[in-house]
Amino acid sequence: MTPRRQRMVLIGLVLVGVSVAVTFALRAFQENLTYSFTPTEVAEGHTPGRSFRLGGLVLDGSLKREPGSLTVHFLVSDLANEVPVQYTGVLPDLFKEGKGVVVRGRLGANGEFRGEEVIAKHDENYEPPEVTDALAKAKQRAAAQ
Amino acid sequence: MIPEIGQFSLVLALCLALVQATLPLAGAATGRADWMALARPAAAGQFVFIVVAFATLEYAFLNDDFSVLFVAQHSNSALPGFYKFTAAWGGHEGSMLFWITVLAIWTLAVAAGSRSQPEEFASRVLGVLGIVSAGIIAFALFTSNPFIRLAPTPADGNDLNPLLQDPGMIIHPPTLYVGYVGMAVPFAFAVAALLTGRLDKNWAKWTRPWTVAAWIFLTCGITLGSWWSYYELGWGGWWFWDPVENSSFMPWLLATALLHSLAVTERRGIFKSWTVLLAIAAFSLSLLGTFLTRSGVLVSVHAFAADPTRGLFILGLLAAYSGGPLLLYAFRARSLEAEGGFKLVSREAFLLGNNILLVIAAVTVLFGTLAPLIVDALGYGKISVGPPYFDAMFLLPMLPLAVLLGAGMHSIWRTMSGASLLQRLVWPAGVAAALGVTLPLIVYGHASLLTSVASVIGLWVCAASLLDPLRKWVLREGAPLTRAQIGMCLAHFGVGVFILGATYVSTYTVETEVSARPGEHFQVGGYDFLLRGVKPVETANYTGEEGEFEVRKNGRLVTVLASQQRVYKVQQTPTTEAAIDSRIGRDVFVALSKPVGDNAWAARIQVKPLIRFLWLGPLLMALGGIFTVLDRRYRLAMRASTVPSRSAAATGSP
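Quick note, the sequences are listed as chains L and D, same order. For what it's worth, my numbering labels the leading residue of the first sequence as 1, then goes sequentially. For what it's worth, my numbering labels the leading residue of the second sequence as 1, then goes sequentially.
Hints are supplied without guarantee of correctness; some may be wrong.
[What the hints assert, rightly or not] Here are some, though not all, of the chain D residues that point toward chain L, as calculated from beta-carbon distances under 8 Å:
(1) I360
(2) S515
(3) T576
(4) V596
[Stated by the list, open to error] Footprint (simulated), chain D over chain L, 3 or more residues, beta carbon under 8 Å:
(5) 32-40
(6) 65-78
(7) 88-98
Just so you know, the hints here were simulated from the structure itself, not pulled from any lab data. Here the structure is a predicted model, which means the values were calculated and not measured. Glycine included, C-beta positions come from ideal geometry on N, C-alpha and C.
Between the sequences and the hints, there should be enough to build the whole structure, so can you do that?
Here it is, written out as structure tokens:
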């Protein structure tokens, strides 16, 4: 194979590979994209039918457990609005009332958010960006009104 | 006083790095031997001062000097001595000093190992390493100084993040850093070749052992990280596509492509541009990883810092260290003429396929990692990209890559007939197909299409890797295998082992979350778990509760697992200590969580088949790398020879 033809084959292979990869990547990307919403946005009904992430604080005193089972109910708040959340499973170590939390799940027909995953954060002092964002947005609105 | 010595040493190291970054390069450009001769002493001096700086930081940690801000933030007098030592790299500032220390070690090794190479070339390599070092030392001094004092001195420190209080801490970050930072060496070789305008087979022969060495550490570091998170984070996952994992994994993918591309450049004098670009890209991704983890733009265990000046500084370094060489490449690309061609069925073609697929994998991982940042920066809200994206996008190039791998190993350089290649591969392909389809069905009774395909491909890679060693050592046919060939077979066998592990773990793991009362039984994955009881535990730095599980199979006691739920005293952080019983064929995993009322405890119970293969495979890859580095031809290339080109030519073809 001459260097010239070799280069053509190379370029051809790269182009084919890249276009296949891009097609699949964009499809996989779209399917696995999860948007984040704040409790206020949920309260106002700006939420999709598919699963999304809800960020905020676990409202103090709102955590209720069905005794002896893994099902819990709590309120996620941005200090302006609250969304009731239900989750069944082992909670992450750093899950605590008054602390930030991010829950992935869907909004149920009764308005309760059904958590599929509670996202664990690894550092006590660290606040998930979704939570910071939610609190900042709620504060801005309060100031504007 | 002692921390000031460290600070002062770091400033001196910066001065020497600046000398190393300028005079040897200028000397090589103008032919001044006295300037070029400065490269090695400057590198050695820099090494000494950096080691002094690092030692003073360790001294401050071991002596509980809480007047040093970094020590006060990351240590505590009650912390066991071992963790005081490892805490030095348990935070942002210390880990940057560690980065610098590791680079100094690599630079010293290159200074010692490059004596047989032309002075002009070696000075350029060391000069480029000096530039890299100067940039990072300046970063540490100006934005992340670990020696800053705190007044008034607090009575005690804030303690080390409990997740980092683990024996894995002594081995995982250092290994990863050595690999990560080691990518600076092939980078420096590539830039030096562009400066010289000469990039030949000898260049590839000098560069390859360094690349393989850095790759070995990177491989081990990533593997250790996976194993560590599996047993330390307490929920049994082994890879999360966390942005921090990705930022060490992308350089690994490119380093893997680079060492295969270097093989072609070394043997055939082609793929030169490609090799150079891969070397630059691999190091740039290492720096990008540093940017992602250090700037605070991402969020995870590893994101110690949230300071925009740091991010901008690293972004500037990244732009300079990848933009500069790319500009140089644009001017010098014409000097990188290929020295020959190849046919469609040849080892070159297979290695080209390897490179393209690995680069595609790296690019898709990069896209998934950066997309949330870009979307956020553009103001379209906060998004996250789920692991299914990465799983799918990673499998897509990797499965064909593994198929090609088996055939590529048995192809020969330049050209060969497709028929002879097929003939060689009929047996391993047949065995792999038969076993790969039937084994999962016999053992587990069910298998999805993807599971069957992946299990066939895994066995195919294993079988193809065993072909040559079997022929030589069992049938006693053919020429003796060189160390490089043994290394290749071992590493590729490791790839096969990993594929099998990943396939079986993902498909056949049985996991459940339960609420367990003492005396209660659970049936999971063919095992019977009994929670015997929960009792309190206490040590110097944590208190907690320990749940004891009896694990039985067919009525026979297999093991007793004791998992703990701990609260660390200083930071009041709860953590889960999983208990794991490991056999080569499976892991039984139990993690006790919090009480859920009514005398019950939340717990995770998992049975994971072949999970050890996930780590055994990469370790075999690393072992294969060690064999390759020890190959005779690199030793000869390394050994002093006044006329390197002639001696290298004589040992060129094993």
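Do the hints match the structure? See the list:
1. I360: holds (5 Å)
2. S515: For S515 of chain D, the interface hint holds, since the closest Cβ of chain L sits about 5 Å away, which is under 8 Å.
3. T576: holds (6 Å)
4. V596: holds (6 Å)
5. 32-40: holds (count 5)
6. 65-78: With 5 residues in contact (Cβ-Cβ under 8 Å with chain D), the coverage given for the stretch 65-78 of chain L holds.
7. 88-98: holds (count 5)
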